[in-house]
Amino acid sequence: MALSKVDYNSLNVTAAASKALKWNSTPNGFETGDIAGSMVLLETQTASSDDTLSFTSNIDSTYKEYVFKFFDIHPETNNVDFTFQVDTGTNTSYNQTMTTTSFRALHDEADTATALNYDTGRDQAQGTAFHILGHEIGNGNDESINGELTIFSPSSDTFVKHFIAAVNIYAASDMSENKYTAGYVNTTTALTRVQFKMSSDAIEAGTIKLYGIT
Amino acid sequence: MALTKYNYNSFDVTPVASKAMGFNSGANGLTTVTEGSMVLIKTLTASSSATISFVDGTSDVVLDNTYPTYLFKFVNAHPETNSVDLQFNGSSDTGSNYNVAKTTTAFQAYQNEAGTATSLMYEPSQDIAQGTGFQGFFSYVGNDNDQAASGELWLFNPSSTTFVKHFISVCNVAEQGDVTKHCFRGGYFNTTSVIDAIQFKMSSDAIDAGTFKLYGIKDS
Numbered sequence: 001m002a003l004s005k006v007d008y009n010s011l012n013v014t015a016a017a018s019k020a021l022k023w024n025s026t027p028n029g030f031e032t033g034d035i036a037g038s039m040v041l042l043e044t045q046t047a048s049s050d051d052t053l054s055f056t057s058n059i060d061s062t063y064k065e066y067v068f069k070f071f072d073i074h075p076e077t078n079n080v081d082f083t084f085q086v087d088t089g090t091n092t093s094y095n096q097t098m099t100t101t102s103f104r105a106l107h108d109e110a111d112t113a114t115a116l117n118y119d120t121g122r123d124q125a126q127g128t129a130f131h132i133l134g135h136e137i138g139n140g141n142d143e144s145i146n147g148e149l150t151i152f153s154p155s156s157d158t159f160v161k162h163f164i165a166a167v168n169i170y171a172a173s174d175m176s177e178n179k180y181t182a183g184y185v186n187t188t189t190a191l192t193r194v195q196f197k198m199s200s201d202a203i204e205a206g207t208i209k210l211y212g213i214t
Numbered sequence: 215m216a217l218t219k220y221n222y223n224s225f226d227v228t229p230v231a232s233k234a235m236g237f238n239s240g241a242n243g244l245t246t247v248t249e250g251s252m253v254l255i256k257t258l259t260a261s262s263s264a265t266i267s268f269v270d271g272t273s274d275v276v277l278d279n280t281y282p283t284y285l286f287k288f289v290n291a292h293p294e295t296n297s298v299d300l301q302f303n304g305s306s307d308t309g310s311n312y313n314v315a316k317t318t319t320a321f322q323a324y325q326n327e328a329g330t331a332t333s334l335m336y337e338p339s340q341d342i343a344q345g346t347g348f349q350g351f352f353s354y355v356g357n358d359n360d361q362a363a364s365g366e367l368w369l370f371n372p373s374s375t376t377f378v379k380h381f382i383s384v385c386n387v388a389e390q391g392d393v394t395k396h397c398f399r400g401g402y403f404n405t406t407s408v409i410d411a412i413q414f415k416m417s418s419d420a421i422d423a424g425t426f427k428l429y430g431i432k433d434s
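Protein chains in written order, with the working numbering: chain A, 1 to 214; chain B, 215 to 434.
With the rest of the complex left out, here is chain A (with noise of 0.2 Å):
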């Protein structure tokens, strides 16, 4: 057993809360971060009656594929859709131009309706409009969407930008629906931020975490 123990502080290194112990890329020192395997969470925003949640950071060359998670989004308004839009830059207007597609799953309480099928109308083609990731949500106290967006290699200069999403929906109309859609972006220019919103008034409630895939 040692006598004498290295205590936190005595480590050439700033301390930081939670942080694992790291040399540094020369490696000739130490340094603080995360060891968090090859998913690493960089940004976690949480709504709160938010007309917007925008990730402005952190989207750049550092991973090839970045993934949203979306927990318990709530809308304040009944029967509206949750949609996101990209950007390049540090351009705010989120009207890039995609092509998509978008299919579901449904399933009501009542146990009187279910389907698959191709979800016309809720598409794009060579569009520039915010893209419905999930419609028509419930404001219940208990409704919500759930699922997770992942966008590949948002940094390419060669390539369009590839999109996938699941979620799951807590329907307006008591059902569950169980949406999938994905499409490119059609621009060889990088992406750099990422936004989403209700397609009317506010989200409510709910947080969105964004991850870099290493």
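Hints are computed from structural coordinates only; laboratory data are not their basis.
Treat the hints with care, since some could be wrong.
If we take Cβ atoms under 8 Å as the criterion, some of the chain A residues that face chain B in the derived model are [said to hold, decoys possible]:
| no. | residue |
| --- | --- |
| 1 | Val6 |
| 2 | Thr32 |
| 3 | Thr99 |
A quick note: this is a predicted structure, and the numbers were derived from the prediction, not measured.
C-beta: ideal position from N, C-alpha, C; glycine also.
Dock chain B against chain A, hints included.
Coordinates of chain B only, in the frame set by chain A:
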């Protein structure tokens, strides 16, 4: 050169095997911390490559019972030739042969840029019934400079000697006819032998460019 070096038990923290050392939540002491559950094993970059292969035990690739689940990702897989498919197959002999029997399903949603064609459909020409050929992730990716496909393939418990080996894939592709296609595949390698290698290739000619990654997903 340090005259003395600190030993593992010199630090004011109780060592735990396979854990890292970090600061506690108050930043006023040391504690052990755990790495995430998704571990990058290997990255391969295609450059006019006929095939991309992940073989257990080769070039630091792990594809055995270390992890219960493996995840492959491909980002901007771009073909040399227009209108081809990215495909995969498994091997039970560490890459000597990629010809494992499989039964699979295939469906897709698509829309063209003109907005004149949409569909959600089963793809009878893309599935396999006990065949040993390569399974396509999609069909007809374009080779225009900005066209490619990105997606992922999950492989479950490849080292089992009891069960068949299930897999699921999802991807999005910029098809040669200026169509976006959201493609889903699922199935199983119908063998109780281990799957210890996975190979990717285009249905014709080379993979001109693209990044392929292999991750292991921990279960504890």
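Status of each hint after checking the structure:
1. Evaluation of the Val6 (chain A) hint against chain B yields a held restraint, the C-beta minimum of about 5 Å falling below 8 Å.
2. Interface restraint check for Thr32 (chain A): the shortest CB-CB distance to chain B comes to about 7 Å, inside 8 Å, so the restraint holds.
3. For Thr99 (chain A), the interface hint holds, the least distance from its beta-carbon to any beta-carbon of chain B being 5 Å, beneath 8 Å.
Checked against the numbered hints above, the structure breaks none of them.
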